[in-house]
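Peer 1: Sequence:
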Amino acid sequence: MPEQQTAVDKALVLLKSLAEQDREVGVSELARCARLSKSTAFRLLGILQRNDLVERVGSNYRLGIQLFDMGNRVHGPTPLLLQERLLPHLADLYELTHETVHLAVLHGTEIVYVNKIHGHRAARTPSRIGARLPAYCTAVGKALLAFDHDAAEAAIETGLSALTEYTLTDADSFRAELRRIRRDGIAYDRQEATLGLTCVAVPIMGPVGRPLAAVSVAGADHRFDPSRYAGALRRVAHEAARTVTAAKARGSIPTGRGGLPVV
Numbered sequence: 001m002p003e004q005q006t007a008v009d010k011a012l013v014l015l016k017s018l019a020e021q022d023r024e025v026g027v028s029e030l031a032r033c034a035r036l037s038k039s040t041a042f043r044l045l046g047i048l049q050r051n052d053l054v055e056r057v058g059s060n061y062r063l064g065i066q067l068f069d070m071g072n073r074v075h076g077p078t079p080l081l082l083q084e085r086l087l088p089h090l091a092d093l094y095e096l097t098h099e100t101v102h103l104a105v106l107h108g109t110e111i112v113y114v115n116k117i118h119g120h121r122a123a124r125t126p127s128r129i130g131a132r133l134p135a136y137c138t139a140v141g142k143a144l145l146a147f148d149h150d151a152a153e154a155a156i157e158t159g160l161s162a163l164t165e166y167t168l169t170d171a172d173s174f175r176a177e178l179r180r181i182r183r184d185g186i187a188y189d190r191q192e193a194t195l196g197l198t199c200v201a202v203p204i205m206g207p208v209g210r211p212l213a214a215v216s217v218a219g220a221d222h223r224f225d226p227s228r229y230a231g232a233l234r235r236v237a238h239e240a241a242r243t244v245t246a247a248k249a250r251g252s253i254p255t256g257r258g259g260l261p262v263v
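The UniProt record's numbering applies: residue 1 is where the sequence shown begins, and numbers increase by one.
Hints were generated in silico from the structure; no laboratory data involved.
A couple of the hints might just be wrong.
Claimed, not checked - Pair ranges (Cβ atoms, derived):
#: 1; residue 1: 182; residue 2: 5; range: 42 to 50 angstroms
#: 2; residue 1: 157; residue 2: 16; range: 25 to 33 angstroms
#: 3; residue 1: 180; residue 2: 119; range: 25 to 33 angstroms
#: 4; residue 1: 150; residue 2: 183; range: 46 to 54 angstroms
#: 5; residue 1: 98; residue 2: 184; range: 18 to 26 angstroms
#: 6; residue 1: 7; residue 2: 60; range: 45 to 53 angstroms
#: 7; residue 1: 222; residue 2: 56; range: 46 to 54 angstroms
#: 8; residue 1: 132; residue 2: 162; range: 17 to 25 angstroms
#: 9; residue 1: 150; residue 2: 29; range: 39 to 47 angstroms
#: 10; residue 1: 91; residue 2: 39; range: 30 to 38 angstroms
#: 11; residue 1: 118; residue 2: 169; range: 22 to 30 angstroms
Using N, Cα and C, we set each Cβ at its ideal position, and we do this for glycine too.
Hey, can you work out the whole structure from these sequences and the hints?
Peer 2: In structure tokens form, the structure reads like this:
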């Protein structure tokens, strides 16, 4: 590693190397991955361990609980408090559908999954909590882009690349789709992000008429009729929006300019 790298740089490289592993790792292997000397890696791991950023298991290391807590507070359109308040509504939706339920927020031209509930018969999906996908090819993403002109145009400018043969890639057709979503209040993904997966989503509107998040139901295309759950989604999204508005009125969700939750 170049000499100009500071101790902080080296510690961050070490954390990234540890994050790339799917198991606990020894100091020698971590030092090789991070291109550090073993003594430097050991010293930095000790500092990280004292701050709960890594945990020691025998002679090996893994990421610490403090990183999990910090990760849940990563900058994004929905604070952790808002996620917690919406969880009961996601549970209600799962009980109604017994299909995979997602809560997602818009970050730039991508969506970030902030919660997910699924059962034993869950369809295979690329989603996981914290994962990102292009917004233009997902139901939750389109539900959010429909109410954010600048983000929608940025997504078009970046390019509507085809993830599957069903992905909507024509700019004019995509804009027409967003107009329909604004009119109807519901968005669909019919195998546009993943073959075999169909989703239906609605935005959860904030107190100033802008969406805070979007909620979706997803299932295997061969057995899942998304239109069947449109009504349930609308009801749950309406109740979720009422919850957010009430929490804002009580001051339990801090707000900034425009009345949106502080991020």
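Peer 1: Determine for every hint whether it applies to the structure shown.
Peer 2: Evaluated hints:
no., hint, result
1, 182 to 5: 42 to 50 angstroms, "holds (49 angstroms)"
2, 157 to 16: 25 to 33 angstroms, "holds (30 angstroms)"
3, 180 to 119: 25 to 33 angstroms, "holds (31 angstroms)"
4, 150 to 183: 46 to 54 angstroms, "violated (20 angstroms)"
5, 98 to 184: 18 to 26 angstroms, "holds (25 angstroms)"
6, 7 to 60: 45 to 53 angstroms, "violated (22 angstroms)"
7, 222 to 56: 46 to 54 angstroms, "holds (47 angstroms)"
8, 132 to 162: 17 to 25 angstroms, "holds (18 angstroms)"
9, 150 to 29: 39 to 47 angstroms, "holds (45 angstroms)"
10, 91 to 39: 30 to 38 angstroms, "violated (50 angstroms)"
11, 118 to 169: 22 to 30 angstroms, "holds (29 angstroms)"
Hint compliance for this structure: hints 4, 6 and 10 are broken, all remaining hints hold.
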